[in-house]
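For the record, the sequence lines run as chains A and B. According to UniProt numbering, the stretch in the first sequence is residues 1 to 280, in order. According to UniProt numbering, the stretch in the second sequence is residues 1 to 280, in order.
In case anyone wonders, no lab produced these hints; they're calculated from the structure. Predicted model, so just to flag it, every value in this text is computed and none were measured. All C-beta atoms in this analysis are idealised placements derived from N, C-alpha and C, irrespective of residue type, glycine included. Errors might be hidden in some of the hints.
If you want a taste of the chain A side facing chain B, the calculated C-beta under 8 Å gives, among others [stated by the list, open to error]:
id : residue
1  : L82
2  : F107
3  : L233
When the alpha-carbon atoms are kept at most 30 Å apart in a straight line, the in silico DSS-like pairs for lysine-lysine are as follows [as the list claims (entries may be wrong)]:
id : chain 1 : residue 1 : chain 2 : residue 2
4  : B       : K268      : A       : K237
5  : A       : K216      : B       : K216
6  : B       : K216      : A       : K268
7  : A       : K77       : B       : K268
8  : A       : K150      : A       : K110
9  : A       : K268      : B       : K110
10 : B       : K216      : A       : K237
11 : B       : K77       : A       : K268
12 : B       : K146      : B       : K110
13 : B       : K216      : B       : K110
14 : B       : K150      : A       : K216
15 : B       : K268      : A       : K216
16 : A       : K146      : A       : K85
Number of protein chains: 2
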Amino acid sequence: MIIVIQGLGEMGASLASALSQRVENHVIGIDNQLLSRQYAMANNIVDETATSLADVVSRAEVIILATPIAVIKQTLKQLAVLPLKPNVIITDTGSTKSEIMSLAEAFVPKTATFIGGHAMAGTQNSGVSAANSDLYREVPYFLVTKHAPKETVIKLQSILAPIAARFIEIDAQQHDELVSWISDVPHIVSFALMNAVMQHFHSVSDFGPYVAGGFKDTTRIAASNPEVWRDILLSNKAAILSSNQDLIDELHRFNQVLRQNDSLGLEKLITQAQHARQQL
Amino acid sequence: MIIVIQGLGEMGASLASALSQRVENHVIGIDNQLLSRQYAMANNIVDETATSLADVVSRAEVIILATPIAVIKQTLKQLAVLPLKPNVIITDTGSTKSEIMSLAEAFVPKTATFIGGHAMAGTQNSGVSAANSDLYREVPYFLVTKHAPKETVIKLQSILAPIAARFIEIDAQQHDELVSWISDVPHIVSFALMNAVMQHFHSVSDFGPYVAGGFKDTTRIAASNPEVWRDILLSNKAAILSSNQDLIDELHRFNQVLRQNDSLGLEKLITQAQHARQQL
Numbered sequence: 001m002i003i004v005i006q007g008l009g010e011m012g013a014s015l016a017s018a019l020s021q022r023v024e025n026h027v028i029g030i031d032n033q034l035l036s037r038q039y040a041m042a043n044n045i046v047d048e049t050a051t052s053l054a055d056v057v058s059r060a061e062v063i064i065l066a067t068p069i070a071v072i073k074q075t076l077k078q079l080a081v082l083p084l085k086p087n088v089i090i091t092d093t094g095s096t097k098s099e100i101m102s103l104a105e106a107f108v109p110k111t112a113t114f115i116g117g118h119a120m121a122g123t124q125n126s127g128v129s130a131a132n133s134d135l136y137r138e139v140p141y142f143l144v145t146k147h148a149p150k151e152t153v154i155k156l157q158s159i160l161a162p163i164a165a166r167f168i169e170i171d172a173q174q175h176d177e178l179v180s181w182i183s184d185v186p187h188i189v190s191f192a193l194m195n196a197v198m199q200h201f202h203s204v205s206d207f208g209p210y211v212a213g214g215f216k217d218t219t220r221i222a223a224s225n226p227e228v229w230r231d232i233l234l235s236n237k238a239a240i241l242s243s244n245q246d247l248i249d250e251l252h253r254f255n256q257v258l259r260q261n262d263s264l265g266l267e268k269l270i271t272q273a274q275h276a277r278q279q280l
Numbered sequence: 001m002i003i004v005i006q007g008l009g010e011m012g013a014s015l016a017s018a019l020s021q022r023v024e025n026h027v028i029g030i031d032n033q034l035l036s037r038q039y040a041m042a043n044n045i046v047d048e049t050a051t052s053l054a055d056v057v058s059r060a061e062v063i064i065l066a067t068p069i070a071v072i073k074q075t076l077k078q079l080a081v082l083p084l085k086p087n088v089i090i091t092d093t094g095s096t097k098s099e100i101m102s103l104a105e106a107f108v109p110k111t112a113t114f115i116g117g118h119a120m121a122g123t124q125n126s127g128v129s130a131a132n133s134d135l136y137r138e139v140p141y142f143l144v145t146k147h148a149p150k151e152t153v154i155k156l157q158s159i160l161a162p163i164a165a166r167f168i169e170i171d172a173q174q175h176d177e178l179v180s181w182i183s184d185v186p187h188i189v190s191f192a193l194m195n196a197v198m199q200h201f202h203s204v205s206d207f208g209p210y211v212a213g214g215f216k217d218t219t220r221i222a223a224s225n226p227e228v229w230r231d232i233l234l235s236n237k238a239a240i241l242s243s244n245q246d247l248i249d250e251l252h253r254f255n256q257v258l259r260q261n262d263s264l265g266l267e268k269l270i271t272q273a274q275h276a277r278q279q280l
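Construct all of the structure, not just a fragment, from the sequences and the given hints.
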């Protein structure tokens, strides 16, 4: 099985690392950075590298688009004119799905099957050196199957079996709303908290030596890659604007009960949060 | 050295656990819950227990108030009329210091020395079973010394040496502002995010199975004890109202750049956060 993975960042390189362990797979990694390609070859993450999808696309039986979302969108448009193998399965790793599914519908030829993909995996690290063949183990991995034939969905899942993810079929809109809550807004909160603290203290040395686990956990994902997250947030704008406003409303609620010295109201807000969190 | 610790929750019981390991110490734990006292004795966390400070206070050379803040405030008032040993050192573990320092100034007899204390320690767990003699190891431990004689401050630090904390002297107001940023607002953010998500989905089963590490980290401290955090937040109200509003402004900034599709502005906000977080 010839598998082409475009983008050897944390997501793509981790997929490559798991998939290339199967002897029947030949994994070709595409990345425009020479150092990333060299690292991937030297560490047996891929079997072969290329600089451009066009160079290897005609051999691909599976294509995985694992670049930032802006590049995934460009690539989907290119697919309309590239010499694809018949019955090629194409998937992606983009964190939002509505836009990508619309582009795929418009540009991917009918001889191919596109299935949207998004795993709830990834750390604050980035780049090929973050490759980890266990990154997806037991992780919820959404598949937006839309018009894809049932047997092709099953085939993709069996090809991806080495990553040991939990596959979940979901509708694109439902996915994006869910993700705005469980991933996008938590990142914004984390970024915003770091920025507000810096706005106040100006220098990390004025508060950094005193922070404990709580602050570190709450801001861990603020160290995420800016380019990647810029694209993710922009591509899920509608859902985020609404979810983020709901969060702001909840923060105002805390200030309101505090201002009124409403001890009972404050305890109720915290108890609700505690009960919900304890069920996770 | 007879050390009386009032409140065998996570903070008090962890102090007791470390301090009672020194043979020269006799640690008396006060708690109104029978089960907590029994657990503390059975697990060698304390050497003796009592139900009320009044019963043992005349023997105490050190008194550590480790209850929720509301109870610390009540106890400080009682100290004015209790038969304290001359030269007793009194300290507390309350997360905010301005209110407590004022009460101590007003009510603690001049024969005693009060030094405010607050360690950046603690997990989302609570109660005597969360006792951990290593809880304070390497942790920033603020001491608000105010009018305390230098030698008494040194004596308290040497008594507390078994917990292996990093002691930092700080002014009460400065402490409370710092803590609003590095502890209180992060807790509110975590509570508010859980509440906003629940408001949207109503049931944990509708999003819980899909959350990844990012969401879990950002909301970990939402599982904190409601009674404890109600008191902490109320007692640091002024600093929190201001810091929380600054955070809300930062969240609005994210919605603003998103609404305007301001890709560069969004990347800049994220990059600032990333740089700051990477320095922690």
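Quiz item: Can you list which hints this structure breaks, lowest number first?
Solution: Going through the list in order, the structure violates hints 1, 2, 9, 13, 14 and respects the others.
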